[in-house]
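*Asks:* Chains as they are written, first to last, in my numbering: chain A, 277 to 598; chain B, 66 to 325.
Just so you know, these hints were derived from the structure itself, not from any lab. Any given hint could be a false lead.
Result set (BS3-like, lysine-lysine): computed pairs, CA atoms no more than 27 Å apart in a straight line [stated by the list, open to error]: (1) B:LYS172 <-> B:LYS263; (2) A:LYS428 <-> B:LYS279; (3) A:LYS467 <-> B:LYS218; (4) B:LYS220 <-> A:LYS467; (5) B:LYS286 <-> B:LYS268; (6) B:LYS218 <-> A:LYS459; (7) A:LYS467 <-> B:LYS211; (8) B:LYS220 <-> A:LYS473; (9) A:LYS407 <-> B:LYS279; (10) A:LYS428 <-> B:LYS286; (11) B:LYS131 <-> B:LYS286; (12) B:LYS115 <-> B:LYS211; (13) A:LYS459 <-> B:LYS172; (14) A:LYS459 <-> A:LYS347; (15) A:LYS294 <-> A:LYS328.
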Amino acid sequence: MSQGVLAIAEQVDGVFRKVTYEALSEGKRIAGSLGCDLTAVVLGSDVENISKGLGKYGADRILVADNTALKEYMTDAYTNVIADIIGKENPAVVILGATAVQGRDLSASLSARLNAPLAMECVEIRVENDKLIATRPMYGGKIMSEVALEGKPRIVATRPNAMAVAESAGAGSIEQLDVDTGKTVLQFVEKKMETGKIELTEADVVVSGGRGMGGSDYSVVEKLAELLGGAVGASRSAVDEGWRPHSDQVGQTGKVVSPNLYIASGISGAIQHLAGMSSSKVIVAINKDSEAPIFSKADFGIVGDLFEVLPLVTEEIKKLKG
Amino acid sequence: MEIVVLLKQVPATESIVRIADDGVSIKTDDIKWVINPYDELAVEEALRIKEAQGGKVTILSVGTDKTVEAIRTALAMGADEGVLINDPQTQGCDALGIARILAAVLKDIPYDLIIAGQRAVDDDNYQVGTAVAEFLSIPNISMVIKEEIADGKIKCHRSIEGGTVVLEAPLPVLFTTQRGLNEPRYASLPGIMKAKKKPLDTKTLADIGLDSSKVGDAITKINVMQLPPEREGGRIVEGETAQEKVTELVRALHEEAKVI
Ligand SMILES: Cc1cc2nc3c(=O)[nH]c(=O)nc-3n(C[C@H](O)[C@H](O)[C@H](O)COP(=O)(O)OP(=O)(O)OC[C@H]3O[C@@H](n4cnc5c(N)ncnc54)[C@H](O)[C@@H]3O)c2cc1C
Ligand SMILES: Nc1ncnc2c1ncn2[C@@H]1O[C@H](COP(=O)(O)O)[C@@H](O)[C@H]1O
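Excised from the complex, chain B in its bound form:
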């Protein structure tokens, strides 16, 4: 089983995000970078499938010099190889641009299964995985919480509002992850040592045969970033007893806020 995981490095979710001077990106000076949490689920699931069925897990990412850390972490968890597309032209890409690059690389990597995150928690686009599947003309199953592979087919339990749906498709398939799929392992010390020697191939857009002058032409373009309005919280409802506080709260919700 040849499995490819699409992995993005993102700011840790506890990061305080500040807007950079250009107004369309964020300040990165004191950000801690991590593997996108949904892609961590993808790495874990890939490893479990490999452990059960044999095969190879390749980590594929479009990123920067820093992204090497994230790929090494995935290799330390147990993945076999990494491929990093590192090219300044990718900076201006929108989701379709990134998906096109990933699809181009995947022309040269064998795969039976591709696993992506449902979304990257920086741009929250919910788009790249599905778009890659479309560009490769393979089925896409999003928000998967459980999968079973047998006889060249995959059966996926997909989480939907108010329930789950079970779908089946012949491999190759791309699926995206949802929390509940698994609990990602930590990289072990021997794993970290081994990861240093695992192959990590870095390529530019030219290396994968893409015209770098065209790739960055976004059709969904960020004009400006703003901080959401600050919430002015902080009104503590006072009272001698819990009952007094509650009476006042319910009055305020009914008469002032008019939400009940």
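Looking at chain A on its own, in the form it has when it is part of the complex:
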């Protein structure tokens, strides 16, 4: 296992996803234990300029496939191009971020195309002798499994926010690739982005509101989230009530988040909700019922009315930040 680590960078409209830096940093670490180089590959349109920056996260070589046909992520075109690159580069390990836009889809499709083992949503990766061993959550995080990958290349998709970003200098030499998108059938029609919204799975702080919000007015939650540069989450009950969009749902059948700080307000702490947030570093619960199960998982709990407590928290943090 020594022909190198290939990290697939993910950019959306010319901006790299945070998880790309995490995957590169982790890729560099793996390359270090294998004694090989880290090669980053960037697909997109007008991406050469941004690609240079990847050297900072350990990329020794940066392969850039700049092509208008690659502007938007499309499973077929991206799979064709990257499968070709993997064929030429013959890496031992392929690493990428397990995102919903691209990473999960692309890794699954590459794995099938190349008959390559895949560990999805890894939170830890280690090299042991000739083996690559990844730790990944199953059963909505109620179980952590260690999986061994056999075959080539070994594909690891890292869960957003799980791996530390580490800067380490790589040569960062850029190589332009001439690529062929091959046979494709998927047609891009349009993309609608909500501007300025911080992605839940990448946020350092998540402030969530549950059924205790009592309605769709989330302003007390939003104000605190904004002050902390965080994202707003919700329980499934709140989503089912129509107070928040599905994309805000945290839990076993929603998003799994692991921010530094998770503030659950008006959320009882059902097992399906806990599955989505219990890997957060610090959990704060605000609930008026002192018996709510969420308190047994929270590092800090306040028994009280969230409409009274949250604005006070916001004020107090404002004072702190001066």
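Based on these hints, arrange chain B with the ligands on the given structure of chain A.
*Replies:* This is chain B with the ligands only, laid out in the frame that chain A set:
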């Protein structure tokens, strides 16, 4: 319109999961089994398309004797037929192994559309649907929250981080479901009665022409399962007034936990 739904039976999400003595599987004695929630969305969407356009909905699953219940539930919701691959050799399969079996069965089932869940909430692999599409060389669109079919084409709204993308492809297509696509119906009493008479075909790997000695060779293999570290929660921040509690909380978050 011939629609095939890939359906997996999984432990209900409220289950407390315990690790079995072999260390690589879970104890199943007191687990309640249900249709994977994302596959329930797939069944519902298939039924809605059939209701609008006519056609047939086939439920396809790789499972065990128990899986018959899940398939019957889908038939009671309104699906027309079920196919169950039930073979002990499938136990050792990884996601690619399962996808290969499903793709092999799909060589003998006509389809215009295949619908799968984005993930099964037991292994959380996010893999089988996409892999099946790849093995069948048909387009795959994942995380779909809305679809429209017209003139032999499907247009899918796919949920991505921070927005949605709309993609189009000629049928046949495989798409995977995301919450928001629909609200699955409950099986009605007449539906449950009718389901008992609907065809449910059970097959082994040999029946579908696969060499069962090879199918279980996983390349992604579970070494060991562990429980995540227990969270030691439970510190209630005390105070006479809400303000006092909050002052102490913010101090602790800043000075002790250092997260703000
Ligand atoms: C198949 C399946 C999948 C599921 N997936 C998910 C999932 O992914 N995510 C998820 O979250 N749930 C999921 N659930 C639902 C889950 O079981 C719970 O029903 C849900 O999490 C409860 O949401 P809640 O805590 O907001 O509501 P509740 O349980 O109703 O709790 C509301 C809480 O708010 C408190 N409260 C009320 N008013 C105030 C106030 N003014 N101030 C402070 N506290 C207040 C109450 O004391 C209570 O504890 C799933 C369920 C199923 C069956
Ligand atoms: N054993 C199975 N039988 C039928 N379909 C399956 C099976 N396993 C997975 N699938 C389908 O593939 C989707 C994704 O599963 P997974 O890749 O295991 O997370 C599920 O939602 C199902 O639609």
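*Asks:* With reference to the structure, classify each hint as holding or not holding.
*Replies:* Hints, one by one, checked against the model:
Taking the CA atoms of LYS172 (chain B) and LYS263 (chain B), the gap is near 22 Å; set against the 27 Å cutoff, the hint holds. Proposed proximity of LYS428 (chain A) and LYS279 (chain B) is supported: the alpha carbons are some 18 Å apart, at most 27 Å. Only pairs whose Cα atoms come within 27 Å are accepted, and LYS467 (chain A) paired with LYS218 (chain B) is accepted, the gap being roughly 19 Å. A threshold of 27 Å between alpha carbons decides the hint, and for LYS220 (chain B) with LYS467 (chain A) the separation of about 13 Å falls inside it, so the pair holds.
Simply put, LYS286 (chain B) and LYS268 (chain B) have alpha-carbon atoms about 25 Å apart, close enough for the 27 Å limit, and the pair holds. Distance hint between LYS218 (chain B) and LYS459 (chain A) is fulfilled; the C-alpha atoms sit about 18 Å from each other, no more than 27 Å. For a cut-off of 27 Å, the pair hint linking LYS467 (chain A) to LYS211 (chain B) stands: about 14 Å separates their Cα positions. Using a Cα cut-off of 27 Å, the hinted pair LYS220 (chain B) and LYS473 (chain A) holds, with the two alpha carbons roughly 26 Å apart.
The straight-line distance between the Cα atoms of LYS407 (chain A) and LYS279 (chain B) is roughly 22 Å, inside the 27 Å bound, and the hint therefore holds. At roughly 14 Å between alpha-carbon atoms, LYS428 (chain A) and LYS286 (chain B) fall within 27 Å of each other, so this suggested pair holds. At roughly 24 Å between alpha-carbon atoms, LYS131 (chain B) and LYS286 (chain B) fall within 27 Å of each other, so this suggested pair holds. Under the criterion of a C-alpha separation no larger than 27 Å, the hint pairing LYS115 (chain B) with LYS211 (chain B) is consistent with the structure, at around 15 Å.
Between LYS459 (chain A) and LYS172 (chain B) the CA atoms are separated by roughly 22 Å; this keeps the pair inside 27 Å, and the hint holds. For the given pair, LYS459 (chain A) sits about 17 Å from LYS347 (chain A) by alpha-carbon distance, which is consistent with the 27 Å threshold. This hinted pair checks out: LYS294 (chain A) and LYS328 (chain A) have alpha carbons roughly 16 Å apart, not beyond 27 Å.
The structure agrees with every numbered hint stated previously.
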